[in-house]
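S.K.: Residue strings, one per chain:
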Amino acid sequence: MQNQEEEEKHIRISKSDPRAFEWLYNMHHDRIFRYVYSRVRDGEISADITSEVFLKALLHIRSYEPKGIPFAAWLLRMATNELNMYFRRTGRTRYISVHEDLRVEWDARWDDPAWREGLARALEQLPPEDLRLIEWRFFDGIRFKEIAELESSTEAAVKMKVYRILEVLKKQLEACDEYTDR
Amino acid sequence: MSIQIDNQEPGLPEEEVRKYRDFSRVQGRYQKHLYSMPRRKPYRLKNRFYFLFMLLLLLLLILLFS
Numbered sequence: 006m007q008n009q010e011e012e013e014k015h016i017r018i019s020k021s022d023p024r025a026f027e028w029l030y031n032m033h034h035d036r037i038f039r040y041v042y043s044r045v046r047d048g049e050i051s052a053d054i055t056s057e058v059f060l061k062a063l064l065h066i067r068s069y070e071p072k073g074i075p076f077a078a079w080l081l082r083m084a085t086n087e088l089n090m091y092f093r094r095t096g097r098t099r100y101i102s103v104h105e106d107l108r109v110e111w112d113a114r115w116d117d118p119a120w121r122e123g124l125a126r127a128l129e130q131l132p133p134e135d136l137r138l139i140e141w142r143f144f145d146g147i148r149f150k151e152i153a154e155l156e157s158s159t160e161a162a163v164k165m166k167v168y169r170i171l172e173v174l175k176k177q178l179e180a181c182d183e184y185t186d187r
Numbered sequence: 143m144s145i146q147i148d149n150q151e152p153g154l155p156e157e158e159v160r161k162y163r164d165f166s167r168v169q170g171r172y173q174k175h176l177y178s179m180p181r182r183k184p185y186r187l188k189n190r191f192y193f194l195f196m197l198l199l200l201l202l203l204i205l206l207f208s
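Same order as they appear, the protein sequences are chains B and A. So for the first sequence, the working numbering puts the first residue at 6; every next one is plus one. So for the second sequence, the working numbering puts the first residue at 143; every next one is plus one.
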């Protein structure tokens, strides 16, 4: 609670004095860096993207309102956009790792590299906004409530959308399995 | 874009993350951004006078030909 008050205070000051932003940077750097690193798997590139995220946050902090989405979620959304731009620009491989929540939610052959390869191909076919939801929920373990805040939507709407996308993915994988079984 | 799914999450030690926590990187980019911003045109006021002058000229022309 005290931390939140401190955060709000620093956000308020940063709007007129960028030096106050350093406190916010130190508070949130590690989470954002880890998030970027989990996709890029390169320390220097991750540091570069993370710096760009914080630069954008500093440049747009005047438009940020603490009453809306939490600051951490605001940064995460910026990091996702920055990552999308990076992958579009460079065409490099996007890494994602299986989170424990996904193992529980979706009983599948996670230890089978060929099956994971099939899922990766299915994920590549998803529109960026659907891929973002699946990544947040199942590969980053972000709770539905937080995703709803990130998406400026309701928890129920996000849940419905995520499960609809999961169904599409499952069907695609089953079709792929039938084809390979023939 | 290609996707690769790993079975395990990448473990990154705390010290490794801390090594990259360097606010001067952001500050440097911020300074660079500020310098690359186009400066406000110094002749902005002159433009305003130019606009008024043209308006007066137009009014004069209207009066002259009416």
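Don't read these hints as lab results, they were simulated from the structure. None of these values were measured; they are calculated from a predicted model. One or more of the hints may lead you astray.
Each computed BS3-like pair below joins lysine-lysine, with the alpha-carbon atoms no more than 30 Å apart [claimed, not checked]:
id : chain 1 : residue 1 : chain 2 : residue 2
1  : B       : 175       : B       : 164
2  : B       : 176       : B       : 164
3  : B       : 175       : B       : 72
4  : B       : 150       : B       : 175
5  : B       : 14        : B       : 176
6  : B       : 175       : A       : 161
7  : B       : 61        : B       : 20
8  : A       : 174       : B       : 176
9  : B       : 176       : B       : 61
10 : B       : 61        : B       : 14
11 : B       : 20        : B       : 166
12 : A       : 174       : B       : 166
13 : B       : 72        : B       : 176
14 : B       : 14        : A       : 174
15 : B       : 175       : A       : 174
16 : A       : 161       : A       : 174
17 : B       : 150       : B       : 176
18 : A       : 174       : B       : 150
S.K.: It remains to establish, for every hint, whether it holds in the given structure.
M.R.: Quick rundown of the hints versus the structure:
1. Distance check on the hinted pair: residue 175 (chain B) and residue 164 (chain B) sit about 16 Å apart at the alpha-carbon level, within 30 Å; holds.
2. Between residue 176 (chain B) and residue 164 (chain B) the CA atoms are separated by roughly 18 Å; this keeps the pair inside 30 Å, and the hint holds.
3. Straight-line distance between C-alpha atoms of residue 175 (chain B) and residue 72 (chain B) comes to about 38 Å, which puts the hinted pair past the 30 Å bound.
4. Our distance criterion of 30 Å between C-alpha atoms is met by residue 150 (chain B) and residue 175 (chain B), whose separation comes to about 24 Å.
5. Between residue 14 (chain B) and residue 176 (chain B) the alpha-carbon distance is near 49 Å, which puts this suggested pair outside the 30 Å criterion.
6. Simply put, residue 175 (chain B) and residue 161 (chain A) have alpha-carbon atoms about 41 Å apart, too far for the 30 Å limit, and the pair is violated.
7. The straight-line distance between the Cα atoms of residue 61 (chain B) and residue 20 (chain B) is roughly 13 Å, inside the 30 Å bound, and the hint therefore holds.
8. Between residue 174 (chain A) and residue 176 (chain B) the CA atoms are separated by roughly 49 Å; this puts the pair beyond 30 Å, and the hint is violated.
9. Restraint check for residue 176 (chain B) and residue 61 (chain B): the C-alpha separation of about 39 Å exceeds 30 Å, so the hint is violated.
10. Of the pairs offered as hints, the one joining residue 61 (chain B) and residue 14 (chain B) holds, with about 19 Å between alpha carbons and a cut-off of 30 Å not exceeded.
11. At roughly 36 Å between alpha-carbon atoms, residue 20 (chain B) and residue 166 (chain B) are farther apart than 30 Å, so this suggested pair is violated.
12. Between residue 174 (chain A) and residue 166 (chain B), the direct Cα distance comes to roughly 41 Å. Violation of the 30 Å bound is thereby established for this hinted pair.
13. At roughly 40 Å between alpha-carbon atoms, residue 72 (chain B) and residue 176 (chain B) are farther apart than 30 Å, so this suggested pair is violated.
14. Annotation: proposed proximity of residue 14 (chain B) to residue 174 (chain A) holds, straight-line Cα distance about 27 Å (limit 30 Å).
15. For the given pair, residue 175 (chain B) sits about 47 Å from residue 174 (chain A) by alpha-carbon distance, which is inconsistent with the 30 Å threshold.
16. At most 30 Å may separate the alpha-carbon atoms for a hinted pair to count; residue 161 (chain A) and residue 174 (chain A) meet this at roughly 23 Å.
17. Between residue 150 (chain B) and residue 176 (chain B) the CA atoms are separated by roughly 27 Å; this keeps the pair inside 30 Å, and the hint holds.
18. As the CA atoms of residue 174 (chain A) and residue 150 (chain B) are separated by approximately 38 Å, the hinted pair breaks the 30 Å bound.
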